[in-house]
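Visitor: If you want the building blocks of each chain, they are given just below.
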Amino acid sequence: MLRFVLLAAALLTAVPLHAQTIKIGLVTALSGQSARAGEAITRGLQVAIDEINAKGGVLGRKLELVRRDDEATPAKGVIAARELLFKEKVAVLFGGLDTPVSLAIVPIVNENKMVFVGPWAAGTPITKNGAKDNYVFRVSAVDEIVNKAMLTYSQKTFNAKNCGMILVNNPWGESNEKGLTAALAAKNMKAAGIEKFEGNDVDVVPQLTRLKNAGADCLFLVGNVGPSAQVVKSLDRMGWKPPIVSHWGPAGGRFTELAGPSAPSVHFVQTYSFFGKQSPVGEKVLKALMAKYPDIKGAGDVTPAVGVANAYDAMMLTAMAIQNAGSTDGPKVRDGYYKIGKYEGLIKTYNKPFTPENHDAVNENDYVWTQFIDNQILPVGMKK
Amino acid sequence: MLVTSALISGLALGSMYGLLALGFYVTYAVSSTVNFAQGSSMMLGAVFAYTLAVTFGWPFIPAALLALFLCALYGMLVEAVAVRPFVRRGSSAWLMATVALGIVADNTVLFTFGKEPRGFPTLQGSVQIAGINVSWLQIAIPVVGLALAAGLHFFSRKTSLGKAMLAVVQNPDAARLMGINVPLAISLAYAASTLFAGAAGIMIAPLFNVHSDMGTLFGLKAFAVAILGGITSAWGVMLAGLIFGLTEALITALLGSGYTQILSFALVIVALALMPNGLFGRAEVKKV
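Quick mapping for you: the protein sequence lines, in order, are chains A and B.
In terms of our numbering, the first sequence opens at residue 228 and continues consecutively.
In terms of our numbering, the second sequence opens at residue 24 and continues consecutively.
A portion of the hints provided could be inaccurate.
What follows is a list of derived Cβ distance ranges for each label pair [said to hold, decoys possible]:
| # | chain 1 | residue 1 | chain 2 | residue 2 | range |
| --- | --- | --- | --- | --- | --- |
| 1 | B | L243 | A | A409 | 31 to 39 Å |
| 2 | A | D528 | B | L184 | 36 to 44 Å |
| 3 | B | T135 | A | M517 | 40 to 48 Å |
| 4 | B | L207 | A | G426 | 36 to 44 Å |
| 5 | A | D601 | B | F83 | 22 to 30 Å |
| 6 | B | L207 | A | G466 | 43 to 51 Å |
| 7 | B | A289 | A | T576 | 21 to 29 Å |
| 8 | B | L295 | A | P521 | 51 to 59 Å |
| 9 | A | D528 | B | T135 | 20 to 28 Å |
| 10 | B | I292 | A | K566 | 55 to 63 Å |
| 11 | B | F83 | A | P521 | 30 to 38 Å |
| 12 | A | N415 | B | L297 | 44 to 52 Å |
In short, the hints are calculated from the structure, not lab data.
Glycine included, every Cβ here is placed at the ideal spot set by N, Cα and C.
Start from the sequences and build out the full structure, keeping to the hints where you can.
Guide: Laid out in structure tokens, this is it:
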């Protein structure tokens with residue numbers, strides 16, 4: 228018996244469980260209003276991981292995804308991040324949809340020299356966090372760049388001259404208020420008005436009436452799917468139909484169902500669309516998604532597409548960074564991102580996407596403007 | 024225009040707060056206890072109606088009626104499980120027990136109904152009032168709200184069952200001796216309480232969306248409204264609901280949304296400091 232126990236112990240010491248895998252962590256909303264977004268990020272990461280593993284993995288080791296639900300709450304996100312970083316010992320941690328959650332995780336990763344990658348949350352200070360040693364990267368939209376793009380789009384498409392802001396009352400809304408104000412100031416312009424609303428507000432008519440009375444000829448909308456739908460329904464009740472140029476909040480769920488018949492009036496930014504002619508990478512990823520997930524039967528089922536596309540590219544770039552580092556050690560992996568050269572990805576062909584000064588791989592040239600038509604996110608003007 | 028549209032928004036929201044607050048009133052009047060999780064009862068009304076009308080495809084009226092009946096049953100369950108056992112022992116633990124049962128209900132819905140908010144089909148069409156576009160639903164909500172309050176008033180003053188229920192609160196022992204079934208009266212009060220909340224949930228659902236925590240903030244505001252109105256007066260709580268809803272909408276319209284929560288709740292505190300029994304309540308006489 229003793230010999231058996233010793234043998235078993237020796238075997239376990241020689242081959243520790245999962246020693247061969249490199250763990251990739253993900254902290255995102257897997258329940259609540261943003262559950263779909265969390266699932267999209269998961270699918271993008273998983274398809275990339277499967278592709279990498281099929282080619283032998285990274286550093287000769289397979290990758291393994293470990294997920295935790297942050298319930299869109301910073302406190303829960305911090306607990307989950309700590310568990311993944313220190314207990315599960317993930318090599319790289321990915322974040323989710325909510326800027327407040329990501330902002331809460333940033334100081335932990337910087338302090339402990341561990342890499343955190345954002346495939347969705349767009350708050351400017353997530354990557355521009357002021358840390359001397361910055362371990363946070365992002366393959367997603369960035370508020371201050373999106374804000375410039377929103378202004379340009381409103382001018383070019385709607386000939387808007389006096390836009391008003393209707394923003395959700397949280398750190399994300401605040402980040403966009405700063406970005407939009409700066410974008411307007413750069414063109415010697417001012418907002419018609421700045422109004423905030425709570426995520427749980429039933430009626431946004433009073434705020435919208437203020438903007439209407441201030442002469443707003445278009446609206447800049449920032450809010451997740453539920454709150455954005457409340458704005459659209461309130462506009463419907465008022466019988467006011469201004470052009471709505473939105474951040475990508477509506478993409479996270481059943482926007483058509485929640486906002487009603489006026490859902491298509493919202494034009495919102497995306498980083499990718501699986502509709503239209505696809506690049507070879509686009510075709511490959513769509514095929515892989517359809518093979519792995521039975522509910523995906525075509526481009527329209529990959530929703531929200533940004534979550535999948537950003538996560539896919541972010542995972543591919545991360546694998547290259549780990550390969551460049553030659554280890555899973557935080558500081559080495561961080562430097563590995565700087566050494567990435569050319570990579571033909573889903574969103575674009577990246578060329579030296581990260582430098583010590585720039586931790587954001589996606590810029591204003593990579594955005595696509597979209598609208599909801601029958602529960603599907605289509606590029607503006609495209610018919611199904 | 025700004026004020027008119029705020030008044031219309033405020034009336035609809037205010038009657039929702041009033042309906043929920045009536046739920047607090049009706050149980051307090053009969054048993055001196057309340058279901059602190061009225062927000063969950065409101066959510067259940069919306070979830071039941073959504074499931075019957077949208078998922079099962081029933082016509083709206085029968086779906087709403089069955090949803091209200093289910094809400095009433097839930098109210099009786101709340102009373103039997105979370106109130107009666109504690110009151111019988113002279114304990115005030117029903118305070119926490121009703122909150123706990125509400126959390127159980129919220130989470131049960133989260134797992135069964137789903138995590139994503141769902142959209143309730145809305146009543147299309149609108150009319151122009153003073154140059155403002157007003158949807159039919161915004162007119163229907165205060166009308167139904169006030170009709171239910173009037174119905175409650177009529178029921179408690181003009182029917183023998185209503186009078187019996189009021190007798191329970193004045194002197195439970197005497198009421199019992201007069202042959203009034205006190206436990207049944209209290210149970211019915213709880214049924215009426217959740218029925219009002221359910222009605223509010225069904226009416227608010229098309230304006231809002233349906234999800235497991237949709238009632239949390241409403242429940243909190245309705246409790247503030249019930250206290251503001253003076254929890255002992257049915258018309259008082261309904262009026263306080265309208266006042267609270269209108270105040271919220273007017274502050275947002277005139278000063279901006281940043282001030283809404285700060286000022287509306289600050290005004291509740293000021294009102295209660297000046298009138299400790301609420302705007303329309305009467306001081307209770309306690310014989311010692």
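Visitor: Now tell me, hint by hint, if it's right for this structure.
Guide: Taking the hints in turn, this is what the structure says about them:
{"no.": "1", "hint": "L243(B) x A409(A): 31 to 39 Å", "verdict": "holds, 36 Å"}
{"no.": "2", "hint": "D528(A) x L184(B): 36 to 44 Å", "verdict": "violated, 55 Å"}
{"no.": "3", "hint": "T135(B) x M517(A): 40 to 48 Å", "verdict": "violated, 30 Å"}
{"no.": "4", "hint": "L207(B) x G426(A): 36 to 44 Å", "verdict": "holds, 42 Å"}
{"no.": "5", "hint": "D601(A) x F83(B): 22 to 30 Å", "verdict": "holds, 24 Å"}
{"no.": "6", "hint": "L207(B) x G466(A): 43 to 51 Å", "verdict": "holds, 50 Å"}
{"no.": "7", "hint": "A289(B) x T576(A): 21 to 29 Å", "verdict": "violated, 56 Å"}
{"no.": "8", "hint": "L295(B) x P521(A): 51 to 59 Å", "verdict": "holds, 58 Å"}
{"no.": "9", "hint": "D528(A) x T135(B): 20 to 28 Å", "verdict": "holds, 25 Å"}
{"no.": "10", "hint": "I292(B) x K566(A): 55 to 63 Å", "verdict": "holds, 60 Å"}
{"no.": "11", "hint": "F83(B) x P521(A): 30 to 38 Å", "verdict": "holds, 34 Å"}
{"no.": "12", "hint": "N415(A) x L297(B): 44 to 52 Å", "verdict": "holds, 50 Å"}
Checked against the numbered hints given earlier, this structure breaks hints 2, 3, 7; the rest are met.
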